[in-house]
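Asks: One letter stands for each residue in the lines below.
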Amino acid sequence: MSFYDTYLKYKDFDLNRDFNLSQLTTCLNKDKLELTDFANLILPLDGQHLEALAQKARALTLKYFGKTIQLYTPIYLSNYCSNECIYCGFNLHNRITRKKLSLEELENEARFIYDTGLRHVLILTGESRQESPVSYIKDCVEVLKKYFSSISVEIYALAEDEYADLVKSGVDGLTIYQETYNENIYDKVHLSGPKKDFRFRLDAPERAAACGMRSINIGALLGLSDWRQEVFYLGLHAKYLQDKFSSIDFSVSLPRLRPQTGNFVPEFDVSDENLVQAILALRIFLPRLGITISTREDPLLRNNLVALGVTRMSAGSTTYVGGHTLDYSTHNLGSSSQFEINDKRNVLEIQAMLKEKGYQAVLKDWMQV
Amino acid sequence: MAADILEIAGKEIKSRLFIGTGKFSSFSLMREAIKASEAQVVTVALRRVDTSSKQDNILDYIPKDCILMPNTSGARNAQEAVRIARLAKAAGCGNWIKVEVISDNKYLLPDNLETLEATEVLVKEGFVVLPYMSPDLSIAKRLVQAGASAVMPLGSPIGSNRGVKTEELIRIMVEEIKIPVIVDAGLGRPSDACLCMELGCSAVLINTAIAVSDNPVNMARAFSQAVTAGREAYLSGIPSQGGSASASSPLTGFLRKEN
Chain A
1 MSFYDTYLKY
11 KDFDLNRDFN
21 LSQLTTCLNK
31 DKLELTDFAN
41 LILPLDGQHL
51 EALAQKARAL
61 TLKYFGKTIQ
71 LYTPIYLSNY
81 CSNECIYCGF
91 NLHNRITRKK
101 LSLEELENEA
111 RFIYDTGLRH
121 VLILTGESRQ
131 ESPVSYIKDC
141 VEVLKKYFSS
151 ISVEIYALAE
161 DEYADLVKSG
171 VDGLTIYQET
181 YNENIYDKVH
191 LSGPKKDFRF
201 RLDAPERAAA
211 CGMRSINIGA
221 LLGLSDWRQE
231 VFYLGLHAKY
241 LQDKFSSIDF
251 SVSLPRLRPQ
261 TGNFVPEFDV
271 SDENLVQAIL
281 ALRIFLPRLG
291 ITISTREDPL
301 LRNNLVALGV
311 TRMSAGSTTY
321 VGGHTLDYST
331 HNLGSSSQFE
341 INDKRNVLEI
351 QAMLKEKGYQ
361 AVLKDWMQV
Chain B
1 MAADILEIAG
11 KEIKSRLFIG
21 TGKFSSFSLM
31 REAIKASEAQ
41 VVTVALRRVD
51 TSSKQDNILD
61 YIPKDCILMP
71 NTSGARNAQE
81 AVRIARLAKA
91 AGCGNWIKVE
101 VISDNKYLLP
111 DNLETLEATE
121 VLVKEGFVVL
131 PYMSPDLSIA
141 KRLVQAGASA
151 VMPLGSPIGS
161 NRGVKTEELI
171 RIMVEEIKIP
181 VIVDAGLGRP
191 SDACLCMELG
201 CSAVLINTAI
211 AVSDNPVNMA
221 RAFSQAVTAG
231 REAYLSGIPS
241 QGGSASASSP
251 LTGFLRKEN
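Protein chains in written order, with this note's numbering: chain A, 1 to 369; chain B, 1 to 259.
These aren't lab readings, by the way, just hints derived from the structure by calculation.
Note that the structure is a prediction, hence the values are computed from the model and not measured.
Any given hint could be a false lead.
Each computed DSSO-like pair below joins lysine-lysine, with the alpha-carbon atoms no more than 27 Å apart [unchecked claim]:
| id | chain 1 | residue 1 | chain 2 | residue 2 |
| --- | --- | --- | --- | --- |
| 1 | B | Lys11 | B | Lys178 |
| 2 | A | Lys357 | B | Lys54 |
| 3 | B | Lys64 | B | Lys106 |
| 4 | A | Lys357 | B | Lys35 |
| 5 | A | Lys168 | A | Lys188 |
| 6 | B | Lys11 | A | Lys244 |
| 7 | B | Lys106 | A | Lys11 |
Pairwise CB distance ranges (calculated) [said to hold, decoys possible]:
| id | chain 1 | residue 1 | chain 2 | residue 2 | range |
| --- | --- | --- | --- | --- | --- |
| 8 | B | Ser248 | A | Ser246 | 53 to 59 Å |
| 9 | A | Thr25 | B | Lys11 | 36 to 42 Å |
| 10 | A | Glu340 | B | Arg142 | 56 to 62 Å |
| 11 | A | Ser271 | B | Arg189 | 38 to 44 Å |
| 12 | B | Gly253 | A | Thr25 | 56 to 62 Å |
| 13 | A | Ser2 | B | Glu232 | 41 to 47 Å |
| 14 | B | Lys11 | A | Pro133 | 15 to 21 Å |
| 15 | B | Leu137 | A | Leu50 | 45 to 51 Å |
| 16 | A | Asn304 | B | Arg189 | 26 to 32 Å |
| 17 | A | Asp243 | B | Leu137 | 26 to 32 Å |
| 18 | B | Ala90 | A | Ser2 | 37 to 43 Å |
| 19 | B | Glu32 | A | Asn29 | 19 to 25 Å |
| 20 | B | Ser248 | A | Asn20 | 32 to 38 Å |
| 21 | A | Ser271 | B | Ala9 | 57 to 63 Å |
For the chain A half of the interface with chain B, some residues (derived, Cβ under 7 Å), not all of them [stated by the list, open to error]:
| id | residue |
| --- | --- |
| 22 | Leu60 |
| 23 | Tyr147 |
| 24 | Phe200 |
For every residue, glycine included, the Cβ atom is placed at its ideal position computed from N, Cα and C.
Could you put the whole structure together from the sequences, leaning on the hints where they help?
Replies: So this is what it looks like as structure tokens:
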């Protein structure tokens, strides 16, 4: 049994339910929401009802997470990739400069980030077992351990023993997005490569959880399918994981598709209101769930999301390999990013924004033990 | 009358309000709240302490006259709690440690068995150990045997603000446990803290209710006053509420009647 079985059970769940909005208050006042309540929270809402969700979500976030937001930054290790994902800049057919950081270059990145005060990093690679095998990632972790108290990976889906190997080497967090929970669309947007295996990716978080990964962040790439469907299955997945692995911190991301190299245009529109409703519904359904918002979103929206349920933000981000320290022009890296970032503020600027909003930026929230 | 002083590991503690440092909007506001509370024991999650950073360090914002009690927040088992305690000592945070072992992230309820195991190890290593626990009398007795300096049963789940849901169990612990019983977690209002003190608890630890209130400084002061009030009431001898009214015609009155 894995999440795939649960997913199949709810595959035909009717999300266009008949629900009287006057019952929303009853739904919001429940101590513990059922899956059907969660489905109600992502139905089309007017502004007044959305505000009611926001008030509830804010109160829950304050209670469980306080006035703090944890910060981290991504480090791109390599953009070599053997997958053909039509929405991604690293798609193997895209003619971009391919690069993999040497350990020396990585150490430069580490020093630069360390000086910003951040102690949590997320390392990323494209899927290339040849260019960025697990052994390379472990070598990178060895370098990073000297500087950071928490190292998360966002890499291709691994087998359980490989996750165990990474945990042993000092990795404490995993980020892995399902991209889309719609199996048919998944098949259509992942044209070729190992990532084409929907189920292997879907069950990756629990393979990592089974070998003691401390924190796991899952997500759906909004824009590939109807956002309500994605958010519903994301919530279902998060609840399944929380129930099965109670000692692990789970969080979710709701990245919206951003422009990248290639010509992909998302088929489904996801408005700011939709994104906000998704965040609020997830917070109310699973009050202790972490919610991460990346620099894919613009500064103004990110500022406003702080009070609504978000618990973790990236800062000083770049999606270029070596982007923290390398000069793009001299390294001919012009168009080799994974996607365009929308919020280019550095760590100090994000800290200042949080301070102004009455929130404390948490730069360290774990340590290697 | 002798001054009412709480003594833990040879330290004399005047304030029976202990403060937690998470969830505040800034370190400076946290410091102001601690000052207003007049607390002398302050707990800090070691996971949040970064002595290497050029930026603000949380420890610099804890008044120097306070006793620092690092906690092992984040530990999922005894082994991790022990390692965090050692790291705390190595980082210069002293030898007091609040052992917190939580393997359930849904309700944040402590794992008493792992807590006991960590306490046994840390006491032997010379730590002053204050374990956070679910209020279970037999585990509390074992913690005493293991050398804990106090026991810290929860009032209700961390951050829940639900108050003293475990009142009956805490009442029994106060009766039976001869080391300080300090209620930690779940106290949402000053009246909750006051109730704990009326029950005879030695102290309470508050974090969320102060940190996320609209005015943490005033709320810290309010908790301080409530703790003082509850303690004074306890020391003054709170009249028993009694189970039934006393009969105006006593049942044993005939024994004293003449004839």
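Asks: Against this structure, judge whether each hint is valid.
Replies: Against the structure, the hints:
Annotation: proposed proximity of Lys11(B) to Lys178(B) holds, straight-line Cα distance about 17 Å (limit 27 Å). Taking the CA atoms of Lys357(A) and Lys54(B), the gap is about 23 Å. The hint holds against a cut of 27 Å. Straight-line distance between C-alpha atoms of Lys64(B) and Lys106(B) comes to about 35 Å, which puts the hinted pair past the 27 Å bound. Only pairs whose Cα atoms come within 27 Å are accepted, and Lys357(A) paired with Lys35(B) is accepted, the gap being roughly 23 Å.
Restraint check for Lys168(A) and Lys188(A): not satisfied, since their Cα atoms lie roughly 36 Å apart, outside the 27 Å limit. At most 27 Å may separate the alpha-carbon atoms for a hinted pair to count; Lys11(B) and Lys244(A) exceed this at roughly 44 Å. Straight-line distance between C-alpha atoms of Lys106(B) and Lys11(A) comes to about 26 Å, which keeps the hinted pair within the 27 Å bound. Distance hint for Ser248(B) and Ser246(A): a CB-CB separation of about 57 Å, consistent with the stated range 53 to 59 Å.
In this structure the hint that Thr25(A) and Lys11(B) lie 36 to 42 Å apart at CB is violated, the actual value being about 51 Å. One distance hint, 56 to 62 Å for the beta-carbon pair Glu340(A) and Arg142(B), holds here, with the actual separation near 58 Å. Restraint check, Ser271(A) to Arg189(B): a C-beta distance of roughly 40 Å satisfies the suggested window 38 to 44 Å. At about 59 Å, the beta-carbon gap between Gly253(B) and Thr25(A) stays in the expected band of 56 to 62 Å.
Range check, Ser2(A) to Glu232(B): about 58 Å between beta-carbon atoms, so the 41 to 47 Å window is missed. Look at Lys11(B) against Pro133(A): about 54 Å separates their beta carbons, and that is not inside 15 to 21 Å. At roughly 48 Å, the beta-carbon separation of Leu137(B) and Leu50(A) lies within the given 45 to 51 Å, and the hint holds. Taking the beta carbon of each, Asn304(A) and Arg189(B) are about 31 Å apart, inside 26 to 32 Å as hinted.
Checking the proposed 26 to 32 Å range against Asp243(A) and Leu137(B) shows it holds: the Cβ atoms sit about 30 Å from each other. One distance hint, 37 to 43 Å for the beta-carbon pair Ala90(B) and Ser2(A), holds here, with the actual separation near 41 Å. A hinted range of 19 to 25 Å is violated for the C-beta pair Glu32(B) and Asn29(A), which are about 35 Å apart. For Ser248(B) paired with Asn20(A), a C-beta distance near 59 Å fails the hint of 32 to 38 Å.
As the Cβ distance of Ser271(A) to Ala9(B) is approximately 58 Å, the hint placing it in 57 to 63 Å holds. The interface hint given for Leu60(A) is violated, since its Cβ lies 10 Å from the closest Cβ of chain B, which is over the 7 Å cut-off. Nearest Cβ of chain B to the Cβ of Tyr147(A): about 9 Å, over the 7 Å cut. The hint is violated. With a cut of 7 Å, the hint placing Phe200(A) at the interface with chain B is violated, because the nearest CB-to-CB distance is about 26 Å.
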